[in-house]
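Quick note: to get the working numbering, add 432 to the position in the sequence shown (first position is 1).
Since the hints were derived computationally from the structure, they do not count as laboratory data. All clues given are correct.
Below are the SDA-like pairs computed for lysine to any residue, each with C-alpha atoms no more than 25 Å apart in a straight line: (1) K730 to E900; (2) K857 to R875; (3) K584 to S653; (4) K584 to L873; (5) K846 to P481; (6) K665 to D541; (7) K589 to L602.
Using C-beta positions, here's what the derived DEER-type ranges look like: (8) L807 to E609: 38 to 48 Å; (9) D501 to K846: 33 to 43 Å; (10) K846 to D911: 13 to 23 Å; (11) P481 to Y729: 16 to 26 Å.
Bear in mind the structure is a predicted one, so any value in this text is a computation, not a measurement. Think of the CB as a built atom: it goes at the ideal place given N, C-alpha and C, for glycine as much as any other residue.
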Amino acid sequence: VAGGKVSGKFDYFYDPHEKIQFVARGDRQRLNWLGGKQIFMGGSSFAAPHISGLIALIIEKYGGINFNDLTEILKRHSLSQRPALVDSSTYAINEIPWSRSDISIRDIDKTNAPNWIEEAVFFPYNKEMHGLVRFRELLPFRITRVADVVGKRTIGKDCGEVIGGAESNLIIQQNLEDCLQYGDTLILGYLDEISRIKKRDVLQESLELALKHNKNVYSLSPIANKQYESISKAFEEKHLHYAAPTIDFATYEALTRTYDWRNRSQKPVVGIFGTGPQQGKFTTQLALRKQLQKIGYKVGQLGTEHQSALFDFDFTFPNGYDGHQSIQIPMDLHIPLLNSAMVGIEQLDPDIIVVGGQSGIIPHSFYEKSQSYTLPSLILLFGTVPDAYILLVNSIDEPEFIQENIRVLKSLGKGKVILLVFSDKKKIVNDTVNTVVSQPLCREEICQTILSLESTHRIPATEIISAEGRKKMADVVIDFF
Numbered sequence: 433v434a435g436g437k438v439s440g441k442f443d444y445f446y447d448p449h450e451k452i453q454f455v456a457r458g459d460r461q462r463l464n465w466l467g468g469k470q471i472f473m474g475g476s477s478f479a480a481p482h483i484s485g486l487i488a489l490i491i492e493k494y495g496g497i498n499f500n501d502l503t504e505i506l507k508r509h510s511l512s513q514r515p516a517l518v519d520s521s522t523y524a525i526n527e528i529p530w531s532r533s534d535i536s537i538r539d540i541d542k543t544n545a546p547n548w549i550e551e552a553v554f555f556p557y558n559k560e561m562h563g564l565v566r567f568r569e570l571l572p573f574r575i576t577r578v579a580d581v582v583g584k585r586t587i588g589k590d591c592g593e594v595i596g597g598a599e600s601n602l603i604i605q606q607n608l609e610d611c612l613q614y615g616d617t618l619i620l621g622y623l624d625e626i627s628r629i630k631k632r633d634v635l636q637e638s639l640e641l642a643l644k645h646n647k648n649v650y651s652l653s654p655i656a657n658k659q660y661e662s663i664s665k666a667f668e669e670k671h672l673h674y675a676a677p678t679i680d681f682a683t684y685e686a687l688t689r690t691y692d693w694r695n696r697s698q699k700p701v702v703g704i705f706g707t708g709p710q711q712g713k714f715t716t717q718l719a720l721r722k723q724l725q726k727i728g729y730k731v732g733q734l735g736t737e738h739q740s741a742l743f744d745f746d747f748t749f750p751n752g753y754d755g756h757q758s759i760q761i762p763m764d765l766h767i768p769l770l771n772s773a774m775v776g777i778e779q780l781d782p783d784i785i786v787v788g789g790q791s792g793i794i795p796h797s798f799y800e801k802s803q804s805y806t807l808p809s810l811i812l813l814f815g816t817v818p819d820a821y822i823l824l825v826n827s828i829d830e831p832e833f834i835q836e837n838i839r840v841l842k843s844l845g846k847g848k849v850i851l852l853v854f855s856d857k858k859k860i861v862n863d864t865v866n867t868v869v870s871q872p873l874c875r876e877e878i879c880q881t882i883l884s885l886e887s888t889h890r891i892p893a894t895e896i897i898s899a900e901g902r903k904k905m906a907d908v909v910i911d912f913f
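Start from the sequences and build out the full structure, keeping to the hints where you can.
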């Protein structure tokens, strides 16, 4: 039996005419280890037990089966092509570099783990807040009120209704000051666009309002700059929390000194990436987290959205919207920082680690403006080194473009794309005004899209708006590992 890159739970290759008759899974996989531990490792020596187990199952099912019948069954269910073999030396256990096991990654940067929030007021109700409401049962605090600005046609509506979800019993209010009396913390979303439209600093106004009513503040936008220095000092004098997700040199030094970044993670890692922006990558991360936790798995998580910390992710690397302001270290330090963060998450002993990227992997055009370049996703890919990928695609993506993304992930990383996920919305490009409009897909269109993706790319595909779709996603991940 040789070890190969075989992903299916019961998949194997069998050719009785070869000297090495079987190829079974020998790449990195979850293994029971000494002392009741489970580790994530690969090697040819782990392939033979897969075949032994399969033969035992066949004998158990068919009782007194003879050798010839057994080999016929094995031939019938074998893969048609011999999988690529693994290099055993690549997967050998090395001496683990020294890392501090007595320090939790959650204690290194308190701003990325705001455990002081108990009852929160949200403002405004924008895209980032939608996910917080949709998955509010995963939050470690309670949402008491939601406020929004006039002009968006959201005032007086239920938060769930606005995003096309289930009723939330949270009615969107107009008066933020009235809402503040119902919470201990004001959570602020991005306000730069609203400030531009209203021609005044709405972020500063909101901070001053929270200070006036002695409320803590957690802002997705940076609030520790010189512009708000006097407000920051006023919060400090009142002993109020005043925080935003930030990565600075102090965080970098603390992480890299505590966790040796050369220590390869022994936990399975699944990365969620996409072919472009606004596809629901964060929603997919939360849906997978929820589904795996429901089954009983302990999920470790590293998020790149600013609101990741609010969901109690183990580490937040805020390189999403305006990430260049939140991450205050040079780009060449991003990858070693993420390597160390993964070691820190692994020491929390999760069953699986989920990481999520930003925007796309490759640009549609190398002549597009710099904001569309895909460095944030590539940094996450190199920094976290996932073993498997979930790739989000658009209904308007050309098959060849999807294939290019799959090839890039495979060639730059060490994992494989195990699932394609798409939104329940159809994107339509309006070339006249250079915009993309989204329209909901009907059930028939969703089913057709799944069939088309699976037949074209020979990879499982799903949507995650339905319970069946979310279950399929979790099942694919569990079966792969």
